[in-house]
Amino acid sequence: MMHISILLISLLGMVFIAAVFAFVVLNSGPRDEDYGGISTRGYIIRRWWMIGLCAAGVLVSVWSLIPFPLQASSAESPRIIQAVGRQWSWELASNSVEAGEPVRFRVTSQDVNHGFAIYGPDDKIVAQTQAMPGYFNDLDVTFEHAGKYRVLCLEYCGVAHHAMVTEIAVTEKH
Amino acid sequence: MTTTELGYATPEAQRAPVVKLYLGIGLLVFAGLMLVGVLMRAAQGAAMLTLAPDVFYQLMTLHGAGMVGTAGLAALAVNWYFLSQHVQLNPKIFLATLLLSLVAVAMIVGSILLGHFAAAWTFLYPLPAFSLGQWSKGAALTFVGGLLLLGVAFLLVYLDMGVAIVRRYGSIARALGLPMLFGREPIDATHSPTVVASAMVLIVNVAGIAVGAIVLIMTMLHLIYPALAPDALLMKNLIFFFGHVFINATIYSAVIAVYEILPLYARRPWRVSRPFLAAWLAVTLMVLAVYPHHLLMDFAMPPWMAIMGQIVSYASGIPVLVMTAFGGLMLVYRSGIRWDAASSLLVLSLFGWAAGIIPAVIDGMIHVNLVMHNTLWVPGHFHFYLLLGVLPMVLGFASYLCANGQQGRTGLVAVAVYATGGTLLCLSFLVSGALSVPRRFAVHEESWQWLGNVGALSGGIVLIGTLMIALPILQKLPRARLASTGIGARA
Ligand SMILES: [Cu+2]
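Protein chains in written order, with the UniProt record's numbering: chain A, 1 to 174; chain B, 1 to 491.
Here chain A stands alone, though its shape is the one from the complex (with noise of 0.2 Å):
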């Protein structure tokens, strides 16, 4: 599940920052009063620690953004639903999809910014696109489980912003 693999990747960085603030915290004490040696070896665990971290940063980096991941899905002529946000509401040409058929959202606002989330049966975000006056935003989905997906304002946008909410019913493929 991606959400969790977010979760706990972030989790162990940030643990793995309180150990070495631990580690350090622990041994503050006795004074060492060769600042020099102590800095000349930190230099060098500094120098790896940087390359470590430049090093990871490419990986992740080509591993995460080739391909382009906002590209428009390979899908020849996906099936093109209009969705209009306005305050405080959604208008979508059509509310029902078939699993596994390529739909490409034009995502729209009348008004102010909104925020287009489709969130699934099991309550997570499965995409989102913004939704701006003057612009169309392309959200290609594919939803592979048959079901009642929701649609949730994500962009703050005014007083009933939270209450901006509309099905989309998945139906089984034929």
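Honestly, I wouldn't trust all of these hints.
[Stated by the list, open to error] Straight-line C-alpha distance at most 20 Å; calculated EDC-like pairs for lysine to aspartate or glutamate:
#  : chain 1 : residue 1 : chain 2 : residue 2
1  : A       : LYS148    : B       : ASP54
2  : A       : LYS173    : A       : ASP111
3  : A       : LYS124    : B       : GLU445
4  : A       : LYS124    : A       : GLU76
5  : A       : LYS148    : B       : GLU12
6  : B       : LYS92     : B       : GLU12
7  : B       : LYS137    : B       : ASP188
8  : A       : LYS124    : B       : GLU446
9  : A       : LYS173    : A       : GLU91
10 : B       : LYS137    : A       : GLU167
11 : A       : LYS124    : A       : GLU167
12 : A       : LYS173    : A       : GLU144
13 : A       : LYS173    : A       : ASP138
Treat the hints as calculated values from the structure; they're not laboratory data.
Position chain B with the ligand against the provided structure of chain A, taking the given hints into account.
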């Protein structure tokens, strides 16, 4: 301090009073706005308290604008205090900035509480003009005008700081250490890290506030002449550039407290070096270039900007993790440091900053942003920066100045309480984000509410810790003789 140093420095008697005023007001406001935060989390938990959505969104706007502004002012006080050791600053201008800011605060608070303005502190265009009856045009204009006045107040003191820096160092670039970095001048070990950080903050924040002023004026014009409607994506770019730079400048200002005070505790120097200068030049450029990571879900943006946003987002964490956090840890390791309220707050602040980078960098990845953008993951990472980074820097500074850090055992217990509450609060946000709980929702679904309650309780613990640290400081503050010399050996 050498005689030339003294010749440039602001006279000691002039430095303290205004800084005390900033700190006194800042600590009180922080505590008040924390309470607002706790109320919001409790309302999301729905067990202890319910708030009508319009009230919730007003409080949200108040908490956001208030915390950002107060963090800015408190971090400015840290920056001004230590920079004034190196250059001649004008305390009257510094005071004028505070007074203007207070007028701005009155406008902002009034527009929210009396005018019911609730378009969030980011005033995302064109929302201020589309309240659907919740607030008037006048309330929106007052809020936006208040932010503009706050910006003017900052620019005023930055002008004084810039002129003073140029007078002593010749140019901002030289204060940033560029001639030393590029080998045109030898490394001067007496060049203060404070001056380097101040130069960086000046460069980025003047740019940030200038862009902020432009977008605020455009918003005002749009409110007055609705036909004059600027492009929404352009406005979004300007707002996030301004917001990102301004809030980042708070941490790069406040970290000066760590550079100045931690070495006194560790009895070891924090000197400039070529890697140090390179790191600060890098963050200067990256803080200006990274804001597109806020716009990853705006598919209308050119792809190269999204790619740059992701890469710079990762890269901008490296100088912190490699230079500042690591440097601080090296200073502390086997130093025989005296652990008191001030020193532990400063080390906590480095931890909060470093740890907060991880969820930030991960969310800066386009793949992750598709499912985490505008969830509570986002407040999760920035509360690490602000609540466990900037604020402990400010509190550590205040504790050191007023009490020489010596707040006894209560001081250490207070820091432990604060750190525990803060970490739990941040985790409650991050877990919420991983469960796709949206940010900025007045009403939470039942399955999300337990996290709101955990958050409210954690926030309550933070508030208790803050009061335990801040109340003794506030008591001593009026009569405190600000510490300007080193820390004694371990007690
Ligand atoms: Cu909304």
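Hint numbers the structure violates, sorted upward? 1, 2, 4, 5, 7, 9, 10, 13
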